[in-house]
Amino acid sequence: MAAFLTDAWVADLANAARESSALRGAAGADTLVLQQVVRGAPGGTFAWHLVLGPGTAEVHEGRAARADVTLTSDAATAAAVAAGRASAQAAFMTGRLRVGGRITALLEHRAALAALDDVFGAVRARTTFPVDAGTGDGDAAAGKAAIGDSPSRSRSDREEAG
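In the working numbering, the protein residues as written are 18 to 179.
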């Protein structure tokens, strides 16, 4: 089991993506680079990105050199969405999730994106969240630590900070 927002968690996502023939088959003819940036993670900002292209599905730790779409949220919102306790759509509609870049790329790659839930569902089941992920609405129960309390962040962000 890997903890959310750790190197091991990203490696688990990468293995699931690499092993999924369904995801590679749904990727289409054009490449999509989808990046997630999580602010307020322990130690700072944590980033990872997904590359979907002809016959390929890869996950990498850190920021992409050039992302088509970037999803940005705080750690509590990211954890709630990753745990399946909140939807990305609801987080976006309430301003807790920002979407930047070429939004039309999401529509162009909707078949591959729809396959992500099946591919990463097993990872979600194996992922440990340090505290209850709640709904990401900022109303954490009294006495609970911030969502995403893990000891790691991406190497690129550690290098930027240090």
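Simulated from the structure, these hints should not be mistaken for lab results. We treat Cβ as the ideally placed atom computed from N, Cα and C, and that holds for glycine. Fair warning: there could be bad hints in the mix.
Label pairs and their calculated CB-CB ranges [to be verified]: (1) D47 x M18: 16 to 24 Å; (2) R83 x R56: 28 to 36 Å; (3) G42 x G112: 30 to 38 Å; (4) T145 x E125: 15 to 23 Å; (5) P71 x T145: 32 to 40 Å; (6) R102 x A82: 13 to 21 Å; (7) R127 x A107: 34 to 42 Å; (8) S38 x G112: 18 to 26 Å; (9) E75 x I120: 15 to 23 Å; (10) I120 x T145: 28 to 36 Å; (11) A131 x E36: 32 to 40 Å; (12) A142 x R35: 12 to 20 Å; (13) T73 x L123: 15 to 23 Å.
Verify the CB-CB distance for I120 and T145 against the hinted window 28 to 36 Å. The hint (28 to 36 Å, Cβ to Cβ) holds, given that I120 and T145 are roughly 32 Å apart.
Per the hint of 28 to 36 Å, is the separation of the Cβ atoms of R83 and R56 within bounds? violated (21 Å)
Lying within 34 to 42 Å: is that true of the beta-carbon distance R127 to A107? violated (18 Å)
When you take the CB atoms of E75 and I120, is the distance between them in 15 to 23 Å? The hinted range 15 to 23 Å holds for E75 and I120, with Cβ atoms some 22 Å apart.
Assessment of proposed distance window 32 to 40 Å (beta carbons of A131, E36): violated (18 Å)
Note whether the CB distance of T73 and L123 lies within 15 to 23 Å or breaks it. holds (18 Å)
Just to be sure I understand the hint, the distance between the Cβ atoms of T145 and E125 should be within 15 to 23 Å; is that true here? violated (34 Å)
16 to 24 Å was suggested as the range; check whether the CB atoms of D47 and M18 agree with it. This hint is violated: roughly 35 Å between Cβ atoms.
Just to be sure I understand the hint, the distance between the Cβ atoms of P71 and T145 should be within 32 to 40 Å; is that true here? Distance hint for P71, T145 holds at roughly 34 Å.
Looking only at beta-carbon atoms, does the pair S38, G112 fall within the given range of 18 to 26 Å? violated (37 Å)
Looking only at beta-carbon atoms, does the pair R102, A82 fall within the given range of 13 to 21 Å? violated (32 Å)
For the range 30 to 38 Å, tell me whether the beta carbons of G42 and G112 fit it or not. holds (35 Å)
The structure shown violates the earlier hints numbered 1, 2, 4, 6, 7, 8, 11.
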